[in-house]
Amino acid sequence: MTDFIASIPPLYEDWVLHALLWLPVAGLFHVMAAAQDRAKHIAFSWSGTVFVLSLGLWWSFDPGGGGFAMQSSTPWIESWGVSYALGLDGISVFMVMLTTLTTPIAILGSFEYIKTRRKAFYALMLLLQTGVVGVFLATDIFLFYVFFELTLIPMYFIVGIWGGERRIYAAVKFFLYTAVGSLLMLVAILYIYFSSGSGSFSYEAFLGADLTMREQLWLFAAFALAFGIKVPIFPLHTWLPDAHVEAPTPGSVILASLLLKMGTYGFLRFLLPFFPGAAQHPTVVAVMLALGVAGIIYAAWVAAVQPDAKKLVAYTSVAHMGFVVIGVFAMTVNGLQGGLVVMISHGISTGALFLLLGMMYERRHTRRIEDFGGIGRVAPFFATAFVITALASIGLPGTSGFIGEFLALIGTFETHAVTAIIAATGVIFAAYYMLPMVQRVLFNKLEKPENRTFADLSRRECVVLGPLVALMIWIGVHPAPFLRRMEPSVQVVLERVEEARTALFDGAPDPGAGLALSPAGEEE
Amino acid sequence: MGFAASVPGPHLPVQEVAQWEPVLPGLIILLPLLGFVVNGVLALRSAARSSAALRAGTEWDPFAGPARPRTHTLPTWIGPGVMFVAFVLALWNFAGMYGAELHDPVVVRYWTWIVTGNLQIDAAIQLDQLSMIMLLVVTGVGFLIHVFSVGYMKDDTGYPRYFAYLNLFVFFMLVLVMGAGYAMMFIGWEGVGLCSYLLIGYWFTDREKSDAGKKAFIVNRIGDLGFLLAMFLLFQAFGTLDFGPIFEGAEGRLAAGGATVTAITLLLMLGAAGKSAQVPLHVWLPDAMAGPTPVSALIHAATMVTAGVYMVARSSVLYALAPTSQAVVAGVGVLTALLAATIALQQHDIKKVLAYSTVSQLGFMFLGAGVGAFTAAIFHLMTHAFFKALLFLGAGAVIHAMHHALHRADSHEDAQDMRNMGGLKDRMRITWVVMWVATLAIAGIWPLAGFFSKDEIIWYTAAWAGAPSNPFGTLYTVYWLVALVTAMLTAFYMTRLMVMTFHGESRVDRNARPHLHEAPRVMWVPLAILAVLSVFGGWVNVPEPLAESFLGLFGALPMSEWLHHWLEPVTHDAAAIQTAALGEPAYRAPLVGGGEFAWALASTLAAAVVVLAALRALGGRKYVAAARDAAVSGGLRGILANKWYFDEAFDAGIVRPVLAASRWCWKVVDTVLIDGFVNFVGNFTRLAGWTVSLFQTGQANTYAFVLTLGVLLVLGAAVFL
Amino acid sequence: MLAYALLLSAALFVIGTLGVIVRRNAIIIFLSIELQLNAVNLAFVALSRYTGIEGQLFVFFVMTVAAAEAAVGLAIIISIFRHYKTVNVDRFNLLKW
Amino acid sequence: MTEILFVLFAVVALGGAFGVVLSRTPVASLLFMVATLASVAGIYVLFEAHFLAAIQVLVYAGAIMVLFLFVIMLLNLGHDYRADLKYGLWSLLGLVVAGLTAGVLGQAFWGASDTGFRGDGAAVAAALDAAVREQGAAGVIAEPLFTDYVVAFELMGLLLLVAIVAAVVLAKPKT
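Chains as they are written, first to last, in numbering that gives the first Met the number 0: chain A, 0 to 523; chain B, 0 to 720; chain C, 0 to 96; chain D, 0 to 174.
If we strip away everything but chain A, and leave its shape as in the complex, we get (with noise of 0.2 Å):
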């Protein structure tokens, strides 16, 4: 009995990852085979069942010297190089398990929601879930850059047929502009395979191509073109509060929550360690730290006048990725830590508010923040959500949010003092374009007579926002068994950017980019 015990986690390393990519595949095609009404069910199942199994990684997944763990090979094209690879380390872990959560909530968020071809709908929701999945734990580019453009075609959909009035357009934008990114990402993966000559598309063989100064610089753009796309960087943002606005609750949160982390999780796992020149080239860092910065300020702004909420809260996403963005060119630990944080509380955050968001819109059929008011009166469970969600949002101490940015921004200040400052400044205008929206939804007088019968939450919206309510108060009080998680990984990351200073730099500290891991400075 104790043997068998004992033969459980190594069996369940063996398969778990091969599971959590194909098992929405599986149901997929169960949805596929079953009647309408039944669909929401069986697609809801599969992926609780899917987010089930993922929770053994929380106890399975050693981050050990920040390898990959429970990798996997098998040819897949041999006379390209290309196989069929899947590992997770610190980096991916808690994407994976942010994809294997926030999907069955997308789902049962959707019930409601999706009233027209439900088996379409809810395919395409398994599909993009496996699409996801396999851009977080693909190890081989290629099957990388198959999961990441696979992620599209669902979206592409689920936007297009479910969405709001102008769903074409936001439909089109979203797909073009994304296109164009990872085109041209395509080139540069070419390019790397070929000049690195091991005729593998192997991660390891894409960390060992020699590529001098200037072709890392070119293709730096490549990449950091694809992924800032999908961040989005501004000023590449305009698709996001389309594609937003246009799509049903459930594409609205898996975008929020999945899709933007791709962009994130690249610059992490490919931008960095594949061109560590490039990435601390001084103007490259100006660059992309700028960008960083004004996506804080400027999303931030434009948020507080919209009038739409959605659009609003799509905003916000710019917002907070932004913090990602320097906390990820600070190259420190602690920049690179809160990035990671910040993509995890944004992603249940921002989530948990679209979720909300269409809880109001199903309710009104209205995402106007002046048709509401004084909602708070008549439905308390649903403020006491929407209050708390929109906390953790703009990162008030003891959410989610608070870590993240923290951390993000230490991390900064370490190594690009301006940059932190200002960037800090968005914690004020966080407040400022969320605690109006919250106010005008919430607050005031009761006065439109069809707001009186706003529904509170049902037991349903109960177990979708409770999960994500509880994990964003729980980052927010203790993160340390997070931040151990991650930390190896992302010491591996910055173990090969300064492998590349010295080699670029003689050691010296480059004055653009600063030391990274230099201990307390001592006061001259």
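Simulated from the structure, these hints should not be mistaken for laboratory data.
Fair warning: there could be bad hints in the mix.
Said to hold, decoys possible - Selected chain B positions facing chain D (in silico; Cβ < 8 Å):
(1) 645
(2) 700
(3) 702
(4) 707
(5) 708
(6) 711
(7) 714
(8) 715
(9) 718
What the hints assert, rightly or not - Taking beta-carbon pairs under 10 Å as the criterion, some of the chain A residues facing chain B (in silico):
(10) 238
(11) 314
(12) 376
(13) 395
As the list claims (entries may be wrong) - In silico negatives: residues of chain B with every beta carbon more than 10 Å from chain A:
(14) 411
(15) 660
(16) 706
The structure displayed is predicted, hence computed values, not measured ones.
By construction, the Cβ of each residue, glycine as well, lies at the ideal position given by its N, Cα and C atoms.
Using the hints, position chains B, C and D against chain A.
Relative to the frame of chain A, chains B, C and D by itself:
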């Protein structure tokens, strides 16, 4: 670096210094949180009932039935109950600490909060003499205000929600004062800001009130930005945010008067200014009076707004290393004290007067903290907590009575406007008496609490002005003079408040007058306790020069300089650094000379004269009822009535430009520039496609023609070339 | 005689091309295409005398394709005629921009 | 004799071709087409391709043209005497393309210095004639068809099957 990454096991509390064992310190913090959770659940349940009724088209009156619903009876016991237990625990710990002669702070670590490569922040609390004083003030005064609230908020439908917020506030306030590092303090710091936001906007269906809450939060966040940046600098300089290593290493790591320490302290001051309503970030506090009056007493008088003072006192070592910052802190403080006092002269709303009075007194505290008299600042913080809480609660009792009376008489007059009051002393005897006690205390009349604490601040300003190597000696002299004037203004506007409210002819609506009556016992008992504290609270720290004189009852007061000695372990380092830098303070006043005794006597006499003169001058005046009174404009009175136009300046200088910039960013940059470019690319492609599509005539012949041509082209190329 | 056969083949092909381009009637266009195919067939047959039997084999294949094409093409014409009530190809302009 | 017959057939074929393109009614076009096909079949005979000539008459002129005729009658197209020729610019363009085609074909057939088939035609022709004598006109085609080109032959069958199914599906009225 080097921090071993491992999956965390359960963390047991670890105590670093074992010379004294605190009794369940975590429970003190936890209790209000528990109260919050229980009350919160009750609040949600009652809100759900009320909202269900609302959706059905009716209103739910929780008091309509034969008995109050359980959701409205339980908070009465839970809310104040947890506070009482916490207070008892705090007293117990105080007794323990008192006996232990503690030298170093006791730090209790619970779990690792944030840990990355080079940063570790523990969820830890720190108990030392300073946090103990704050602990007592917060739980003690907090408990009294909770009890008062039971009476004050009795008829409010959101009763359980109110206690939930109040408990949550106390929780965060305790985290603030007990946190063992700047990061922990920041949790409490923003947390109390949140509760302030929630409580100011407690009646959230009122647009103005929720606006006020929002304003408070945003202005506070401006200050929080300073706090945040200061933390970054501290982390860069020390590699940690814990108090212990920072204060121990400060002298070695930071050059005295250097840019880093000055920047840190100035940024901290920005944070403190936001939280403690110092010029120019004071604008939120008067608006914050939109909240229920006990909230104003607890948050906006006794505890939260003093967090800034606590923080400066906590960082005393850093401030002592940065004389420039000290001068700035003191300057901001004294300027705030003066401006707020002048504004208070022209306000008619009883709570607004008290609000500006609070701002002004906070200015005094900052003056004290700024000139290095940290003990004096904390002393004034404590006495101010007593008498200002008393004043607010007294005002609350008045408003409560007025509100009820006006409600009974179906009058829509403003229950808070002093022009609608007058002559209340006959109907509210207890309130009248305790309010006078508090008024005299705040005015600095011997032997009440305010006399000793305020006098000490003013005196230390004078004393440090004469320190031999103080580079800002002249400035300090100015501060001293302004502080003296402000003290007199305080006496005047407080007397004005008393006169307008309680004395003279009654201007209350004729129909409402019979319904005016004294507050219930649950409300006046806390008032009485606070009144006692306002009288005797100052005796814990009678200055030595006064102790032996008649001002100290010829040495009969047993606790002369007690607070000073008590806080010595905390302020000792700062005092040493400051003395080393500036020299010994001169124990005589600048310009004219004279010792502490002389100036204390003079100032209390002057204050007494002002009070009496004001009584005479204002007592006979006829006040016009609010409804018929014209708004004051023009001249100094107009400026004061309009609060020096701070709000207008902010509006025109910051709020509007930012809003305009936001709109511009959206409408121009986003929509026209970026999206314009994107759509241009799209449209350009479409245009090109359309041009090419002209070949698609839809006629089979054309296709055949073009096809043949193409084939001929290819074939021709093969054949001819 | 080969040269003349090729000349005839070319002439037939040109006439067929002309027919495809200038006629509107779908059936006649179709006939013109058949004409072109026949022209090619003629060339194949003529050349088979010089290169071997494969030329004739290809004619066989071309005829089969022509038969299949005629079947499908005429079916399409019938189907279109049902919809437009005409076989005038100028009317079939769904592909127009 | 052969030459006279060739000229005769060529003239009929050309005349028929012009008739196909220029006649005003589809039925006339069709009849002209049959004439052309028949004369081309005659030319096949002149080139000793007897089997193909027979197929041409049977399948082409017979089956396929009858199918055309059926369709014309089914659609009842005979009454529309309006000319559907495109005049003006279009006919000019048509002539230009026709000229160009002629040019290209001329160059392809006679322009190049060595086109390969001008060489020893007599030997091939003699071998072919010998084979025809030995195996018969059908046999000479059948042998390679069922040996070297059997795959293509089978594919042809498949194509015809698909075409039949497609024709049925397309022509069936949609109910």
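* Any Cβ of chain A at or closer than 10 Å to residue 411 of chain B, or is the non-interface label fine? -> holds (17 Å)
* Asked: Would the stated hint for residue 376 of chain A survive a check requiring a Cβ distance to chain B of less than 10 Å?
  -> holds (6 Å)
* Asked: For residue 660 of chain B, which was marked as not at the interface, is the minimum beta-carbon distance to chain A over 10 Å?
  -> It is violated; residue 660 of chain B is separated from chain A by about 6 Å at its closest Cβ, not greater than 10 Å.
* Holds or violated: is the Cβ of residue 718 of chain B closer than 8 Å to a Cβ in chain D? -> With a minimum Cβ separation of about 5 Å from chain D (threshold 8 Å), the hint on residue 718 of chain B holds.
* To do: Verify the interface restraint on residue 238 of chain A: the C-beta must sit less than 10 Å from at least one C-beta of chain B.
  => Hint on residue 238 of chain A: holds, closest Cβ of chain B at ~8 Å, below 10 Å.
* Report holds or violated for the interface hint on residue 395 of chain A, using the least CB-CB distance to chain B and a cut-off of 10 Å. => holds (6 Å)
* Is residue 706 of chain B truly not at the interface, in the sense that its beta carbon sits beyond 10 Å from all beta carbons of chain A? -> holds (32 Å)
* Hey, does the residue 702 of chain B contact hint survive, CB to chain D under 8 Å? -> violated (13 Å)
* **When the least beta-carbon distance from residue 707 of chain B to chain D is tested against 8 Å, hint result** => Where the cut-off is 8 Å and the nearest Cβ of chain D is about 5 Å from residue 707 of chain B, the hint holds.
* If you take the shortest Cβ to Cβ gap from residue 715 of chain B to chain D, is it below 8 Å? -> holds (5 Å)
* Interface hint outcome for residue 714 of chain B [beta carbon to chain D under 8 Å] -> holds (5 Å)
* Can residue 700 of chain B be said to touch chain D, with a Cβ gap under 8 Å? -> holds (7 Å)
Taken one by one, the earlier hints fail for this structure at numbers 1, 3 and 15, listed in ascending order.
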